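Those protein sequence lines, which keep their order, are chains A and B.
Each position in the first sequence, counted from 1, maps to that position plus 667 in the working numbering.
Each position in the second sequence, counted from 1, maps to that position plus 79 in the working numbering.
Worth flagging that the hints you see were computed from the coordinates, not collected in a lab.
Small disclaimer: the values here were computed from a predicted structure and weren't measured.
The beta-carbon is built from N, C-alpha and C at its ideal position, and this holds for glycine as well.
Computed Cβ-Cβ distance ranges for the label pairs, DEER-style:
id, chain 1, residue 1, chain 2, residue 2, range
1, B, Ser311, A, Ser975, 40 to 48 Å
2, A, Pro1203, B, Asn321, 23 to 31 Å
3, B, Ser311, A, Asp862, 51 to 59 Å
4, B, Lys299, A, Pro1198, 12 to 20 Å
5, B, Ala300, A, Pro1203, 26 to 34 Å
6, B, Val296, A, Lys1011, 31 to 39 Å
Here's the letter readout for the chains.
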Amino acid sequence: MADSEGRGQSKQTGSINHAADEGDGKLHEIARVKDEGKDLTKEEKQRLRKEKKQQKKGKKDDKGPTEKGTDKEKKVPPSTASQPVTQSPAQKAQSAVPVVASVPVSESTTPTDKPTKSKAELKAERRARQEAERASKQAKKEPGSQPASSKSKAPPNELQPAVKRLPEHIQVDDPAVVRKLAKKLERQQIPLRSDYGYKVSLFSHLHQYSRKAPLTQQISIPATVIHPSIVRLGLQYSQGIVAGSNARSVALLHAFKQVIQDYSTPPNEELPRDLVNKLKPYISFLNQCRPLSASMGNAIKYIKKEISNIPSQCKEEEAKKKLLLCIDNYVNEKITLAAKAISKCAIDKISDGDVILVYGCSSLVNHILCEAFEKQRKFRVIVVDSRPRLEGREALRRLVKRGIRCTYVLISAVSYILPEVSKVFLGAHALLANGYVMSRVGTSQIALVAKAYNVPVLVCCETYKFCERVQTDSFVSNELDDPDDLIVTREGKTQLADWQSVKSLGLLNLVYDVTPPDFVDLVITELGMIPCTSVPVVLRVKNVDQ
Amino acid sequence: MDEGELVEYFRTQMSQDPDVASAVAAIRSLLEFLKRDQSETILGLRENLTKAIGRLQEADSSVAVSSGGELFLRFISLTSLENPDLSQCRNVMIERGELFLKKISLSRGKVAKLCHTFIKDGAKILTHSSSRVVLKVLESAAADKKRFTVYVTESQPDSAGKLMADKLRRLNIPVTVVLDAAVGYIMEKVDLVIVGAEGVVESGGIINKIGTYQMAVCSKAHNKPFYVVAESFKFVRLYPLNQQDVPHRFKVSSFKCASCLLIPPPIS
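Hey, can you work out the whole structure from these sequences and the hints?
Right, here's the structure in full:
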């Protein structure tokens, strides 16, 4: 029910712009529909919903251009229109579990596009809408109390343990969703990045961007809405200069530190609320540059919670210092110290004479191997690499510099080399709530072949990467990288140079895949060694702590 | 009480009551040690206890002693935070220790009560070597007037299976001793497999007498249910990835089967 309540809220806030008679008209319509017959066919329900939407859109478009005209000052004085609407995503973000790559699409009307709905849900929706109309009439009289009431509704929502708000999936092939996203970005004054190239049909619901068209080309200089360190960070993400789960999170937190240092509360504003609102367009911008990872999502959730927990009577300087300290503690605890704890556990599992296989470049796994080498364990490493990223070369460089004996193979040779291997160490991008491991594409393949050869597979992952999402396949939520990366030039000849002109050809450059828990023998976290199926227990304990 | 006395006490406990689990005997000895301990500070007390546990593990290297000792330490050490005064703390510890001991002495009975419902009338059961928990389970099933037959593996090198067969015959349960190599042959005849455990590890697996793993793989191949009965104090903080990863001291036989001390046990 919290779901429909949330929807009702945003409808309530959205409908502030509507005239009172609009609300009346809707009530009449609803009553008429109820009288006409209890059982509406699916098509009728859909038609009804579409009509309502059109009406709403008509009214909003009329008001849209006039709103933009008044919003010239980039200081974003909290107009009643923008603030409550940004409140509802705030509510949802606060009561939402960690969001990955779908933060901008947390708009409420997405579920209404589904054609089949239970009667109870529809009734609840109608009831919510009626209450929304009633509240909007009240709000017309007292616009100031509106945001307060919507904010006070947020904590009760969070206290409801029964219904958890899960992030909606990215749906790029659904035009309504795309339009909602575009509108949201327009409001936040962030340019929308357009997709590039032909997408393979199975993955047409995901974004596919080109590296040659970074988002930063479309924003004006100087960027007044977005802080320059965020712009730089976005560029680093989209060009792949900062890559890897830990690196991205740490870079994000450092950029946020800069933002907080340069921040000054505008008059008549409270630091907690205003700062959170300031961060929203930055997060949308970063999401446009490159979809957020699970670790980044968790970090952002933590920061938002810390900011909103600042007592309102706290002075600005103090508050800023406190926030900077919080961020430093987070990085220290969850990343640096966690890595130390994990390597202590993991070194027990490395015995003399071991042959360890690693895939790609995981900062944590490299750290573990270097520590083990310093503790005088005798082992050698096989680094497996794959195109187009060829991250294994970086891992190879780091390990060889320390003096560890390494072998380098491509992933196509993994079944040839596995009989020699005694253990496989893998890093993870995120650990999902059903025990699946989300990692660089190719990881599940290695785990599968290792299982076939009865070689134990160990996944090393800090707890801040644990995510409450559930996924059983790599299709539903993934990231598509630039397809031009797959084009290779050998001896001056580029075979796929004009792949776009061939109608039946699609290039697919996947970034992540999920590994089922049956292929993973052990997960090493800073809390200890746990089986893959214990991830929901850890998540539960973390939630209780917070 | 010094360490020699402790080990003596432990050994007498084990020989007096052959039916007692080695972990229970270990905990009883540790409790006695705690009562007679002369240390002045809580930290000293804890250090002495840890040393005592280490000494006991040297005397009897079975998994159960190790897990029992760790559990005992954890069960009583939480009191040290509540009572800063040493004598009060010691009394509370002893009280808790007695309570813990009482609980775990009853655990075998509880396991038997829970398990005997899995044995249906007319069942054919396969078990491995001699386990007192399995014996208790079969005893309570027989007392419930169920009719079943048991196949026991001989379980070399100490032929513990023959001892088990004797005990079962005394309970008037029809029993057959089979060779260790005959597990694959007999698997199609049996309805279920019940074994005990020396230790239960964190990944959910068990450490047991050699030959249990073969039996488990065979029963999986034949889709027969494989049950393990173990008391909760046997849960140990280990996560072995494969056979090689189990610490060596858990693989050698414990001292209780005195006859086989002369024969080195098979280590894989």
